[in-house]
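Q: Sequence:
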Amino acid sequence: MLQYQIIEPSCASSIVNELWFLTEAECEELRVLQAITSLVTTELLVTDISLAKCIVLAIKLNFSKDPSVINAASAAVRQLFSSVFERVVQEDGMKESELTIAPQAVSKPSLTPPTLRPCAADGYRLLKDLNSMIRKENPIWLEGVKRITMTLSLELLESVLKSYPSIFYKHTEYADLLKNQICPQLVKMFAGEKEIKIISQHSASENSPSRNSAASFSSTSSFSTRPPFPIMMRSLRIVLVLITNFHAILTLQCEILITFLLELLSVENPHWENAIALEVLHKFIVQPDLLSWLCENYDLQPNSAKIIKLMVSKLTRFIKHALETAQIDEEVKENFSNSFGQAGFLYKGIFIPLHENLSAKKWILLDWLEKHEPSPVPEGYALSIAYSCLVDCTHSVYAAVVEEKSVENGEAAHKQGRNSALFASAYENLLEGLSILLEYSVDDTISEALLNCITTIVLLACRIGNSEAKDASLRILCRAALPQGYFARFIEVSPAALNHHAQVDMNGFEGSETSESSNESPNQVVAMGTICPTPTLPSNLQNSTVMLTAKNLLVIRPLISCTHSNGCHLTDSWDIVIATLQHLMWILGMKPTTTGSFRTGGDTTGSTNESTASTGVSNTVILTTAASSELPDLNAMLSKLFESTSSYDDVSLHHVIAALCKLSSEAMMVAQNTSREPSFFSVAKLLQTAMTNLQRLEVYWRPVTAHLIEVCTHSHTKLREWGTVALTTLIRSAMKRKPSEELNEEDIVKRQQLIVAPLAALSEADYIDVIFKQLDCLMNILQSDSQQLRPQLWPTIIKIVNAVVENKNCNDSRLVEHGYQGVNLIIKEFLDSLPFNCVQMLVETDAKYGQQQISMNISLSAVGQLWNISDYVRRKSVQRSDAENEKIWLVLYNCLSELCVDLRPPVRKSACDTLLQTVAAHGHALNGRTWSHMVWKILFPMLDKVRVMTRNASTQRVDSAALGASNLLVHHSRDTESKQWAETTVKTLSGVVKIFNAQRSLLLSLENFPECWITLLKYIEYTASTDNSEMSLAALKNFQELLFGRASSQMTETNANTGDRRSGTIDETPPLPEKLWMVSWESWIRIANFITTSKVVNVPHFENSTEKPQE
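Each residue of the sequence shown is one higher than the one before, starting from 1 at the first, in the numbering used here.
No lab work stands behind these hints: they were computed from the structure. Please read these numbers as outputs of a predicted model, since none were measured by experiment. For glycine and all other residues, C-beta sits at the position ideal for the given N, C-alpha and C. Please note: incorrect hints may appear among the correct ones.
[Stated by the list, open to error] Taking lysine-lysine and the DSSO-like style, the derived pairs with C-alpha atoms no more than 30 Å apart in a straight line are:
no.: 1; residue 1: Lys945; residue 2: Lys1037
no.: 2; residue 1: Lys188; residue 2: Lys162
no.: 3; residue 1: Lys320; residue 2: Lys348
no.: 4; residue 1: Lys662; residue 2: Lys736
no.: 5; residue 1: Lys60; residue 2: Lys371
no.: 6; residue 1: Lys799; residue 2: Lys887
no.: 7; residue 1: Lys1075; residue 2: Lys1018
[Unchecked claim] What follows is a list of derived Cβ distance ranges for each label pair:
no.: 8; residue 1: Asp572; residue 2: Asp747; range: 31 to 39 Å
no.: 9; residue 1: Glu742; residue 2: Asp572; range: 28 to 36 Å
no.: 10; residue 1: Glu829; residue 2: Val699; range: 28 to 36 Å
no.: 11; residue 1: Pro535; residue 2: Ala757; range: 25 to 33 Å
no.: 12; residue 1: Asn540; residue 2: Glu268; range: 47 to 55 Å
no.: 13; residue 1: Ser881; residue 2: Arg599; range: 55 to 63 Å
no.: 14; residue 1: Asp747; residue 2: Pro535; range: 38 to 46 Å
Kindly produce the complete structure, drawing on both the sequences and the hints.
A: Okay, structure coming up:
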């Protein structure tokens, strides 16, 4: 009849009454259940009191004597409850006019709020009575129900809350019932006999004392007064539904319920309570939106419990306790000792297995609905859930912070603040728990999952800008990548603490290794090396060996990858990261190269036993095959890490450079204070970082090159070599890089000057090897990049080659030769490119190479180059003003005159010849005033110096080397210094006389020409009056040539000369004034008297002979 809808609605109540009588008579109980179910589920035939009677009948039949009836009644009760609330949902979706309900007897109006429609009112009354039955009170609407099992009541309540959450949000009456009756009843059940007063959310403000007292309520309840397992388990399932589905309307109640859950994790509680609480917490933690809500409503509120922080801290404390109280399972331990492949944790020799395939959807305790007592919880199950909670909590925080859906601009700031608070509440305890689990993990899969969580926290810290979280998480990674205790002892430690460690443990790390073996750690040793030298490392630990395990090696990859991904945000954290990488590379024996890569310096063995056996030799590195196979990948990852700095902003790049410079400074201190070779990791990576960022070298060039210059001047040979190679390589690469097209000429000049300045600064170094590499770099630039050199760079370049001979301590022939190669190259290839002021600098520099006393050949070549320069100056004189031309000529002549008095005869001879040739060829380029300067400031001082040197020269015979002719035979006429200087005197005096004759017309125009003439006659008189016949004869010839010109010596030899003079084929010297003829005659008389009487008569006095007379 119900199937074909032929029952009138008015008959429904009569049918229900008849079914009631049948039940009372215990007749056809199964058919009664079928009829009841059909009546309730078919449209709206029964409502209000009739509906209540149907439900009461089903509940009564649930206590029948027939098991089949009991099972059917249990199912019917669940179906009836679902139908009632299904009606509410349908009613909410219908208009008032569309709802047709048969008129039936109505309950007392006081039982139902008048605002509810019929179906909603039925559901309200049913839910209220269900809660009364849970409180073990008599129901009002379900009149006649004498008893019902607590487990069934809780299951029904869970079903309603889980399946129909929309009802509670649509009807405030339901929400009030949930807050004021259902939640307090749950709390009362958890608290045992203690009565807990809960103030409604509506009547209590956010700052209500009840909120603050909620966190401590459960401490008054001992586990002995709590409900038994079936009730507790079902209650917690309801708590899970309440917090998951109704947290938005149960703010205060959620705090209380979560606090109770966390109390279940206390060590005093039974193991099954710990486990079941963890299962519920795990369900919360995997919901990012729920975590965000909890943070916003609790952690962000000033007077509220910090739920997120409390939750994670409880988990961490539980993990510590679970490890410390773990019981030794002999069977598990025996199996584990035979196979290292089982996942789990090893704490002080006790293995705790990890239960795999755990997820928030798969429960154990929460699904034990059929059990009346808790079964023994598997060993390690609770720790496994706690492990999953920490891992999933990390991922949920990440999802809440990073995977935030796009929001309006107005909400962005609010959500950003909430995300920061969520992360701040969780990270500290998360890191603590993750680091503990990582330390005792014995499975790579577990370790990788934990490392992934830690690197995720680094990412979040960088994105949010939480520097404390970033530093803490990176420290955990660095600590895990190094041997046990290494990070705290040698990277992040004060000198006092380190000395304390050294006194306590004289054997370095052997104590910790022994401890590891006693704990039966399965971590395989894959590498053995020494401690990387640091400034604070005590001498008794310098040769101590340390061992890297497979887990250490496993951590290195995430550490590098994490740094690579977040490098632009690490700021000051780069210090510990780079220091850790340096120590790791040292222990692994990976030696840096100037290209930024590494080469392996350790031996490779095939087994761990072999690698751990040899520790006798300092700096010995032994690697297993497992470690060796990882080195190429680590090398590539490190290179990519520092190459990625090209994408950093300027501030981030400076942080990287500052960290590398700091580490390099420590290496310099190591090299200065100890006998051990320092690590070159920082210098190599500083070079690689600078090379990678050459496109913006202006940003970092000064601090990088300034530090490298410090390294270049260090006393440690190899460190100095590294610094010099790094600096010169960087300069060469920077010069070869073509400037951007956006730069104007001024910017290009500044850029090149910036690049070359550090190269010039190396000239101040006191080490020949540094200067040698400096010159190599300069030659490379001149030979490879000369077309890009701007004129403004030439002064710096010339100063570099000049500094080689300026250094008084320079006595290395190879260095002088190398420097002169640069001078020679500039003169031959770049004279046309030099600015005028640089030509003058080049002349002076070339003259200094002529004056150096180390290499005769270089001196002679330098003198010859001055002649080439003079030709160039003459060719270019039309392009410059007379003043500029005269200035460079005077510099050139002055340099030649200084070379004319060199201590080595060949150099003097070459200089004299060059000077005469130069003046003869280009002397007419000087005007009269300049000639006056040349006579008084260049020529006469030169004659004065020659006179002094000749007078003081030794007359004793010496070997040829002292005379400047090493390994050569010297003629007897030149076998003393006195004879050599006599020759120089002849040459210089003859040269000056020829200059006077050649430039007589110009010199006669000088106002002080008489003084010049008299001074020259004095030099001739002095030379003619010496005891050296060669000098006297040459002086007489010079006197004759000065008066009569070059042809005068031939006047008496043949009459043909007279004809020549008349025909004008011989150069005639301009006539002298009569007064000067008389002066010359008097001078001749004095010379003649000396020669004929062999006594000095009025020999000229030369003390002030070269002073220019006042005009």
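Q: Now tell me, hint by hint, if it's right for this structure.
A: Checked hints:
no.	hint	in the structure
1	Lys945 <-> Lys1037	holds (22 Å)
2	Lys188 <-> Lys162	holds (21 Å)
3	Lys320 <-> Lys348	holds (13 Å)
4	Lys662 <-> Lys736	holds (29 Å)
5	Lys60 <-> Lys371	holds (23 Å)
6	Lys799 <-> Lys887	holds (20 Å)
7	Lys1075 <-> Lys1018	holds (16 Å)
8	Asp572 <-> Asp747: 31 to 39 Å	holds (32 Å)
9	Glu742 <-> Asp572: 28 to 36 Å	holds (33 Å)
10	Glu829 <-> Val699: 28 to 36 Å	holds (34 Å)
11	Pro535 <-> Ala757: 25 to 33 Å	holds (30 Å)
12	Asn540 <-> Glu268: 47 to 55 Å	holds (48 Å)
13	Ser881 <-> Arg599: 55 to 63 Å	holds (60 Å)
14	Asp747 <-> Pro535: 38 to 46 Å	holds (41 Å)
In terms of the numbered hints stated before, the structure departs from none.
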